[in-house]
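From first to last, the protein sequence lines are chains L, Z and P.
Going left to right, the first sequence walks through residues 1 to 171 as this note's numbering numbers them.
Going left to right, the second sequence walks through residues 1001 to 1171 as this note's numbering numbers them.
Going left to right, the third sequence walks through residues 2001 to 2171 as this note's numbering numbers them.
Treat the hints as calculated values from the structure; they're not laboratory data.
Because the structure is a prediction, the values reported are computed rather than measured.
Treat the hints with care, since some could be wrong.
[Said to hold, decoys possible] Here are the simulated PhoX-like cross-link-like pairs (lysine-lysine), alpha carbons at most 25 Å apart as the crow flies: (1) L/Lys65 <-> L/Lys114; (2) L/Lys126 <-> Z/Lys1089; (3) P/Lys2065 <-> Z/Lys1126; (4) L/Lys126 <-> P/Lys2126; (5) P/Lys2089 <-> L/Lys89; (6) L/Lys126 <-> Z/Lys1126; (7) Z/Lys1126 <-> P/Lys2089; (8) L/Lys94 <-> P/Lys2126.
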Amino acid sequence: MKKLLFLLILGGLGSRPLHAQSKPVMSATTSASPKYIRTATGFLMVLRQGDNVLQELEQLAIREKIPSASLTGLGFRHPTFGFWNAQTKEYAPKSFSDTEMASLTGSIAWKDGKPALHLHGVATDKNFTAYGGHLLALEVGTGSMELTITTHPQRLERLVDERNGATVLGL
Amino acid sequence: MKKLLFLLILGGLGSRPLHAQSKPVMSATTSASPKYIRTATGFLMVLRQGDNVLQELEQLAIREKIPSASLTGLGFRHPTFGFWNAQTKEYAPKSFSDTEMASLTGSIAWKDGKPALHLHGVATDKNFTAYGGHLLALEVGTGSMELTITTHPQRLERLVDERNGATVLGL
Amino acid sequence: MKKLLFLLILGGLGSRPLHAQSKPVMSATTSASPKYIRTATGFLMVLRQGDNVLQELEQLAIREKIPSASLTGLGFRHPTFGFWNAQTKEYAPKSFSDTEMASLTGSIAWKDGKPALHLHGVATDKNFTAYGGHLLALEVGTGSMELTITTHPQRLERLVDERNGATVLGL
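Chain L with its partners taken away, still in its complex shape (with noise of 0.2 Å):
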C-alpha cells in the first residue's frame, strides 16, 4: 500500500508540466525550499523522501538546458543496480531497500534529443556492508539526497562503442 501510494506520487511526479526557469522549483512535498539552485560551478540539488532522483536531473538537464555535466551525491535511499553483461549487452538488475547512498558519480549528457544520464553509486546498509554498481533507478528514502552538478559548456552525445556495445560518453 505505502509503495503503491509511492508510484502515485511518482507518477503524478512524471506528468506534471515543466515550470518556466525563472520559477523557483519547488519540492513535491514541501513548499518551504526549492529543488536546487545555481552554484558558481553548476546546481546543488536537494531531493527529499518520495522523490525520483533520475527523473529529477533529467528535468534539471532539460529545465536549465545543460550541455553536459559530471556530478557527485550522497544520501538516503532505495537504489536499483544493474550488472552489464558485455555478452547480452543488458544489466541484470537488483533492488536494496533503505540504504545509505555513501557514494554517488555521473555524468549528464544527450541522446536522441533526451538526457542521458550515467550514475554509479555505493550504497551501505545497517551493518555498513556496501553494495554497488550502475545504477537504474533511485528513489530517495527516509531521509535526503544531496547532489552537486559541475556543469560543462559542450553538448556531449552518449554513442554505442561498435566493439562491445557498451553506451559511452562521446567527446
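Given the coordinates of chain L, assemble chains Z and P onto it according to the supplied hints.
Structure of chains Z and P alone, referenced to chain L:
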C-alpha cells in the same frame, strides 16, 4: 596510551585560538606545510596522522566564512559510521580502524550559527572489503587525507524534515 | 593471448611521442572521439576499452602542464588495489576483473619532475559486492571510464611524511 595521547593532541587542537585568515594555517604535526590552500573552485585540504577530519572542516568553515560547500576526498584513517534509524531518530554507531577511505563525499552548511557537516564515506580494509555509510567521526591514520572543497555563494542552513525527523539541507 | 595483445597495445601507447597541445588527442581505439576536452573547471576525460587509466592521466598532466588537480570518476574495468602496510612501507596488491568502478577519487601532483597520482576506488562485481582501496593499476574493460578533473593553480609536490613513511600531498 597511544589513544590517550591522541585525544590529548585533539583536545589541544580544539582549544587553540583561531588564526587570522591571512596567516597560513599550519598542520599540528608538521610545520613545513599548511593544512589547506585556496583554489579556483574553493579549497584543497590535506590532513595528516592525528588530525580530526570533522573538526578541521568545521574550523575551515568558520575561519574562511564558507557559506556552503560540497566536498570529495580520499585517505587513510579510522572512521566511525552511524546508520540512521528512522524509528528512534538516532544513529547506531560502529568504528573501524586502519582502513583506506576509498571515497568521501559531503557538504558544509550551517545550523544554529555553527558549521553543520554531512559526510558519507566508503572504507576498505586490508582484504579490500568495503564498508561505509554516514560518518560520525573520522581520525586520520598512518597516512593522509586529501579533501577537495567546492564552495557555493549561498549561505545554507540544515533543517529538520518534519515527515521523517531527518536533518536535510535547506536550499 | 588477449592479455598479451592488450599489453602490446599499452606498450605502443607508452612509447608514442607526446602530441602538441593544440592537436586533438585521439583515442587509441577510435579515431572519431578525442580522449579529453577542456571544461570550465578543468578537463573531462573519457577512456575506452584497452586504455590504461593511470598512464592517460599522467600524459594529461604532462601535456596540459597541470599544476595540481582533484578528480572523480566512474566506469567499467580491471582494477588492482594495494593495501598500505605501515610496517613494511609497501602495498600488498590484489587484482579484480570485470568490475564496475562505482567510485573513483584522486589527485594529480608532482614528484621528482614527474606526475604523481593518488587514486582510490570502489569496484563492484556482478553480485554488486563492493571492494576497494588504493589503486595501483587500472585498465578500462568492456565499457568506458569517465574522469572529471578539477585543476588547481598551485604546483604541488608529493612528500614523504617522516613519521609514518607515507607519501602525502604537500601544500
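Now for the hints, and whether the structure bears them out:
no., hint, in the structure
1, L/Lys65 <-> L/Lys114, "holds (11 Å)"
2, L/Lys126 <-> Z/Lys1089, "holds (14 Å)"
3, P/Lys2065 <-> Z/Lys1126, "violated (35 Å)"
4, L/Lys126 <-> P/Lys2126, "holds (22 Å)"
5, P/Lys2089 <-> L/Lys89, "violated (43 Å)"
6, L/Lys126 <-> Z/Lys1126, "holds (22 Å)"
7, Z/Lys1126 <-> P/Lys2089, "holds (14 Å)"
8, L/Lys94 <-> P/Lys2126, "holds (10 Å)"
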